[in-house]
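J.: Assemble chain B onto chain A, guided by the hints.
There are 2 protein chains.
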Amino acid sequence: MFQINDNYQKLPGSYLFSTIGKKVNAYQQANPDKNIIRLGIGDVTQPIAPAIIEAMHKAVDEMGHAETFHGYAPDLGYEFLRKAIVENDYKARGCEVEADEVFVSDGAKSDSANIQEIFAQNNRIAVCDPVYPVYVDSNVMAGRTGTYDKNTETWSDVIYMPCTAENNFVPEFPKETPDMIYLCLPNNPTGTTLTKDQLQEWVDYANRVGAVIIYDAAYEAYISEDNVAHSIYECKGARNCAIELRSFSKNAGFTGVRLGFTVVPKDLKCGDVSLNAMWARRHGTKFNGAPYIVQRAGEAVYSEAGKAQLKEQVAYYMKNAKTIKDGLKDAGYTVFGGVNAPYIWLKTPDQMTSWEFFDYLLEKANVVGTPGSGFGPSGEGYFRLTAFGNYENTVQALERIKAL
Amino acid sequence: MFQINDNYQKLPGSYLFSTIGKKVNAYQQANPDKNIIRLGIGDVTQPIAPAIIEAMHKAVDEMGHAETFHGYAPDLGYEFLRKAIVENDYKARGCEVEADEVFVSDGAKSDSANIQEIFAQNNRIAVCDPVYPVYVDSNVMAGRTGTYDKNTETWSDVIYMPCTAENNFVPEFPKETPDMIYLCLPNNPTGTTLTKDQLQEWVDYANRVGAVIIYDAAYEAYISEDNVAHSIYECKGARNCAIELRSFSKNAGFTGVRLGFTVVPKDLKCGDVSLNAMWARRHGTKFNGAPYIVQRAGEAVYSEAGKAQLKEQVAYYMKNAKTIKDGLKDAGYTVFGGVNAPYIWLKTPDQMTSWEFFDYLLEKANVVGTPGSGFGPSGEGYFRLTAFGNYENTVQALERIKAL
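So the sequence lines, in the order shown, correspond to chains A and B.
Mind the numbering: the first sequence is residues 1159 to 1562 in our numbering, read in order.
Mind the numbering: the second sequence is residues 1159 to 1562 in our numbering, read in order.
Worth double-checking, as some hints may not be accurate.
A pair counts as met if it fits within one copy or between any two copies, since identical chains are not told apart.
Said to hold, decoys possible - DMTMM-like cross-link-like pairs, simulated, lysine to aspartate or glutamate; straight-line CA separation at most 20 angstroms:
{"no.": "1", "residue 1": "Lys1505", "residue 2": "Asp1517"}
{"no.": "2", "residue 1": "Lys1168", "residue 2": "Asp1430"}
{"no.": "3", "residue 1": "Lys1181", "residue 2": "Asp1233"}
{"no.": "4", "residue 1": "Lys1560", "residue 2": "Glu1550"}
{"no.": "5", "residue 1": "Lys1480", "residue 2": "Glu1383"}
{"no.": "6", "residue 1": "Lys1168", "residue 2": "Glu1275"}
{"no.": "7", "residue 1": "Lys1180", "residue 2": "Asp1517"}
None of these hints come from the bench; they were simulated from the model.
One chain only, chain A, in its complex shape (with noise of 0.2 angstroms):
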């Protein structure tokens, strides 16, 4: 008789989000004339960009004719596209970062669930308390996270570094010696980040601990401060300890189009073993390539048009973080991030719990966010709004909290 990997039963009950659309819709259904602001998914509302468009419509055409049809794609990604990312994203920034240790895939999310396999069971991870829930659920399937309480809702084997307004959100290196740690930075929840220096220290406990870092650097189109890192590879040492994870999700919306990344330098090796060549087994195993498509509209990302265009989406994205930031900060609440990254993270009023604010928010303003304990307790009494609405919409709810 066949057997389920029973680590899945440990996962707790419900996903964060879908409680989240059950309690708007509920709330949508008994009051269908109130006109609901949702700020609270990551989701991105701005179309893709005219010169991105332009490039997806000329490789269907392509794809429509023997002479220019693409089958299956190389395994790590075509090489005009590792080029163009190469170049963009590590050379034109001093880091050093060849085509073939870029593999393209569909999206961060997967590679960030994905990339725990090639390491072993019983290795201990480290992440961030407030987190992005696929680090951990994915190694919870994978059998290395322990025993859930619930009462303190944290795994017996995980390492949680809570970041938080008296450390200003910025993680301590943990008392037990962690062998894989998964930092997001700028971050998802909070939104805040470390300067550069904070990173380099990091990069240089990974290598005395001999640790991988496991970068996920979705949101580094949003970075305005000169003192931050785009990638980790700005980091000395980071090629010998560091995994970098990138999206086209939030620089060029294409949380629809679907489209990432990873990097696994050469240098990165457990004893003889190179990281590199594990994950282009795995990549030439386990998954397909992205569409021919998919890959010519993300070479497009990286063109003068493209570039010119998605400068302006992110602008625009960015000010509605300031009009969240400042609207909330006239509102007398304390907030943070919003400067580096589309996310506000605030500290909910009153003693209130996240999910407390939540329902008074979605009652009183009928604006949606997210509660910041749906991503780890120490985000419990805070709470995240995005940047990712229309303007309009981002004005008038902000409108209607100051007006609570």
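T.: Same frame as chain A, now just chain B:
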């Protein structure tokens, strides 16, 4: 110090198609004047059908405007696609499959590699021999296959079911009881298949011993005989024991477009645990949906125009299959497959090994095929040619082979 998943170190060195690629490149470089015809890898050559191209252009346009832009897709896939799948692939054939049992993905290769993740590590897998390498390799990576014997080219914990001319390519129930049975029908690489009655016996067997069947139906569009099932759910009891994988790569030429789906019936359970719910959780955590544009392309596969155009495309490839099969017969070869599948499986002449015949065909006829032994030890002495080339090349290749 972090450790790696050392199952990866057990994988034998080089991948079949990269070895072939290297040999072909070396030959071409040494003989730049030779016109090599490739009937090796299972990639298609015909362009995407007009109805699908039109649907993709329309979807690209939608992505370019805020009112019709699509961000994150629903976890299972868009309802428009899941409904089209259910109506056309299942209800039309009298199979009971509901839309919430269909999980849209980026392709059957990913699904066939990922599906093992929801099963326990100590499950025993059974595969046909020869076999599509991904089934075994993904289980190697998960630590489910024991140790590799270089001499026999087999894994200690894998149950092999030889499929050769001796048993008419019909696998026999294995002596040891498996927990997970991989069946690819119509078969890659042999191009043969089972009758519906023979498949029913496998379903009954699986239900009797408590095994799950992972049923890869990527080639169902090529079935031409009435007594062959297009879906395993045509068999009684399959909803209790079978997961079905489907691809758009071969019926619609999506090898570079990337789309597939997996059916996990709600009746498939391990004790109280629904595998449908487990796969939903896996899909929601480690994947983020197929591109909107690609899902619209998939929908167009089921439009009236799409169906008519793809019927022609399949007929085009099957004409190639007939050309290959008849040509080989004329030349005195013993051939199998090619009736319900786009693959022809031939017995190598003069007791040649599969690789000897590969070299012979490359050097004497400048035709590339795939050595049967690359798919498993029972493939030794066989050789695969695919019908996915263009017609003119296929005719020419056969003329060369006949002239040998």
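J.: Pop the pair lysine 1560 and glutamate 1550 into one bin, within, between, both or neither, using alpha-carbon distances up to 20 angstroms.
T.: within (15 angstroms within a copy, 72 angstroms between copies)
J.: Please sort lysine 1168 with aspartate 1430 into within, between, both or neither, judging by C-alpha distance up to 20 angstroms.
T.: between (35 angstroms within a copy, 15 angstroms between copies)
J.: Should lysine 1180 paired with aspartate 1517 be assigned to within, between, both, or neither, using CA atoms and 20 angstroms as the limit?
T.: Cα proximity of lysine 1180 and aspartate 1517: one copy only (12 angstroms, versus 62 angstroms across).
J.: Please work out whether the CA atoms of lysine 1181 and aspartate 1233 approach to 20 angstroms or closer within one copy, between two copies, in both situations, or in neither?
T.: For lysine 1181 and aspartate 1233, the Cα distance is within 20 angstroms only across copies (19 angstroms; inside one copy 42 angstroms).
J.: If the cut is 20 angstroms between Cα atoms, do lysine 1480 and glutamate 1383 qualify within a copy, between copies, both or neither?
T.: Classified as within; 15 angstroms inside a copy, 65 angstroms across copies.
J.: Given a CA cutoff of 20 angstroms, do lysine 1505 and aspartate 1517 count as a within-copy pair, a between-copy pair, both, or neither?
T.: Within one copy, since 15 angstroms is at most 20 angstroms while 70 angstroms is not.
J.: Using 20 angstroms as the alpha-carbon threshold, which applies to lysine 1168 and glutamate 1275: within, between, both, or neither?
T.: Both, since 19 angstroms and 15 angstroms are each at most 20 angstroms.
The earlier numbered hints are all upheld by this structure, with none contradicted.
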